[in-house]
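Could you build all of it, start to finish, from the sequences and the hints given here?
Take a look at the letters that make up each chain.
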Amino acid sequence: MKKERKEKRNKFISILFCLMVYIYLFLPIFVIVVNSFNATTSKPYLSWKGFTFDWYVKLWDNSALLGSFGNTIIIAVVSTLLSTIIGTLGAVGIYRYKFKGKSVINGLLYIPVVIPEIVIGIALLTIFSNANIPRGMLTLILSHVSFSVPYVIFNVRARLSGYDKSIEEASMDLGANRLVTFFEITLPVLAPGIAGGALLAFTLSIDDVIISYFVNGQTKTYPLKVMESIKSGVSPDVNALSTLVLIATIGLVFITQSGILSGKHKKI
Amino acid sequence: MAGKTTKHELKSNTVPAMVTVGPVALLLLFLVVAPLIFVAVMSFCETDEFYNVVYSFTAENYAKLVSPEYIKIYAQSLLIAFITTVLCVLIGYPFAYIIARTKSKKKQLLYMLVIIPFWTNSLIRIYGWRTFLGSSGWLNKLLVFLNITPEPLDLLYKTGTTVLGMVYCFIPFMVLPLYTAIEKLDTSLLEASGDLGAKPLNTLIEVILPLTSGGIFSGCIMVFIPCLGYFFVSNILGGGNTDMIGNLIERQFKSANNWPLGAALSIILIIVTLILVKIYQKLGGDMDSLGV
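Protein chains in written order, with numbering that gives the first Met the number 0: chain A, 0 to 267; chain B, 0 to 291.
No incorrect hints appear here.
In silico EDC-like cross-links for lysine to aspartate or glutamate, where the CA-CA straight-line distance does not exceed 20 Å:
(1) A:219 - A:206
(2) A:101 - B:287
(3) A:5 - B:190
(4) A:10 - B:190
(5) B:105 - B:182
(6) A:101 - B:285
(7) B:63 - B:48
Covered by chain A, according to a simulated footprint, are these stretches of chain B (three or more residues, beta-carbon under 8 Å):
(8) 22-31
(9) 105-117
(10) 120-130
Taking CB as the label site, the calculated pair distances span:
(11) A:9 - B:187: 20 to 28 Å
(12) B:256 - A:232: 26 to 34 Å
(13) B:197 - A:248: 38 to 46 Å
(14) B:254 - A:131: 21 to 29 Å
(15) B:273 - A:99: 23 to 31 Å
(16) B:18 - A:11: 54 to 62 Å
(17) A:164 - B:57: 50 to 58 Å
(18) A:253 - B:54: 51 to 59 Å
(19) B:212 - A:179: 43 to 51 Å
(20) B:254 - A:183: 54 to 62 Å
(21) A:48 - B:56: 54 to 62 Å
Just so you know, these hints were derived from the structure itself, not from any lab. The model shown is predicted, which means the values in this text are computed figures rather than measured ones. Built from N, CA and C at the ideal position, the CB exists for glycine as well.
And the structure:
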């Protein structure tokens, strides 16, 4: 009896504890969503002036905000594509071939992962500036590729470690050449790792603040637009856009849940 | 004959090796190695009166690094990063443990609920905290309404506020590796420990913690190091009162326009990172558990 009671109490405490952590995680999001319906029109948009859908309409006239969001999407799509291709090729090559400097490359891959982002950001800024590369979309994309590629490689490599090379040999024995074997055999086997890496690259790119902050020049991404508006107060249309994005991502996840989520435990 | 085949194989492998590894190698060379070397070089340069970098050797930037004002900020950074890491372990460990060992069908959902907040941009979520904690924020309204305090409390721009934001940003980096480590635990070991008479607390200290220590170590690295550079959290929630080394660097590259000094400050961060990663490896930490 006593033990049962104790167990019940423990269970209650665990549930309460988890609930508090989840409240902590979701509280600021709740604030954002509520403020997207705030009828206030004066800076810093903090006091509650009643409920309105206005900001969801006005949002579509804020071309600077929409433009920055468009930039974020373009940068994320292009840098994800590039880093997925470079990373997948690299992972396969590093796994398969013996060459000089292999351990050096393996070691260097950890640098963007462990060094604080601000150091990567200023380092890229100094090199772009010194090489006279104008800062903008190009430098943003290059920077995002540079910090995403290691994550793609780690994901694909995890998939390669359980990979049976003999199926490739079988393919070659049956007359397929290297390229055909790569596309028909190797790629499909690696697909889940590649998809996981690509998803991670996309997420990292969309949310990146610190590195973009140093290499953007005049180009604004969505997070940088938010950063700019924080000084004078974030207007509710920014909250409205964030709310829409949140709804869209949650919707997407519930649609594709099973597949993508099994490639879990990613840095967010 | 055999020797000939090997030679042929080697030769025929050069091209595919270059095609596959070449892009990564170029990327690492030009966008990782060269920039970092350049930062090291720049840390020994000076600026002219127009804030342009002049490439002449000076150790002056490093002399500036030891000014008392800066040392205070390093201490503050280490303190904030340390408290953040400890809180992430204290909150993240039991939390990861509970969700990893739940038998409910909702396990997948519980896991997803940790990730979902992070699809909203981190800046705007930190701003959400500022809105919530501000003098006209919900928390103060509630406290005044409940008569707990007559006046709104000053909750912003304190060390505690910055720590709250940092823990908020980094707790998933602690929870996710721990979740993986705890989920892999062999339940029969825990049962065996209990059957042999160990109290739950003893099982925790003698069995569970040692078996999941890898997750704790990698989580700590993933929290402590980036925390030092997250300047926007201390900007938004600390309002200049809780500056960290990241804020110092940011200022040199933006408003103060003294890139060489900023580069020298970055070298400190690089050295701290290298030391911590070395310690991590000494403790048997696996590099592959970092970041993924």
